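Novice: Sequence:
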Amino acid sequence: MHSRAQFGQWGEETACNYLIKKGYKIVTRNYRSNFGEIDIIAEKKGGIIFVEVKARKTLMFGTPAAAVTKAKQIKIHRTAFQYLQTSTKRYRQFWFDVVEIYVDAGKTTINHIQHCF
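Its first residue numbered 2, the sequence shown is counted upward by one per residue in my numbering.
Watch out, some of these pointers could steer you wrong.
As the list claims (entries may be wrong) - Using 30 Å as the maximum straight-line C-alpha spacing, the simulated DSS-like pairs for lysine-lysine come out as follows:
id, residue 1, residue 2
1, 58, 76
2, 76, 26
3, 108, 73
4, 45, 73
Treat the hints as calculated values from the structure; they're not laboratory data. Every value quoted in this text rests on a predicted model; they were computed, and no experiment measured them.
Please model the complete structure; the sequences and the hints are all you need to start from.
Specialist: The following block contains the structure:
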């Protein structure tokens, strides 16, 4: 991985592959609205899941999930609600997850935090 953007793209791809293996269907990636962006929107068991992906090479600044601040959560909520308002499909439930990806000495660790905000 050469640049920060490439590492971020790799992290999102890794998260998508992980979610697919766990039975999620990826609906869209990098959904943008006036309020912000959602990395992954997925479906599972009649629900829709809005996923923030955080990948890190170091824990010097805390865990990857710690970067999902309250301000970031508000942006994701607003973006998700806009998505739901414009979607032609209706869902029984929705929730917000974070997928943390940490790479250390060539080992990749994935932590899926469900219903976290």
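Novice: So, for every hint listed, does it hold in this structure?
Specialist: Okay, the hints, checked on the actual structure:
1. 58 <-> 76: holds (25 Å)
2. 76 <-> 26: holds (23 Å)
3. 108 <-> 73: With a Cα-Cα distance of about 28 Å, the restraint between residue 108 and residue 73 holds, given a limit of 30 Å.
4. 45 <-> 73: It holds: about 24 Å lies between the C-alpha atoms, which stays within 30 Å.
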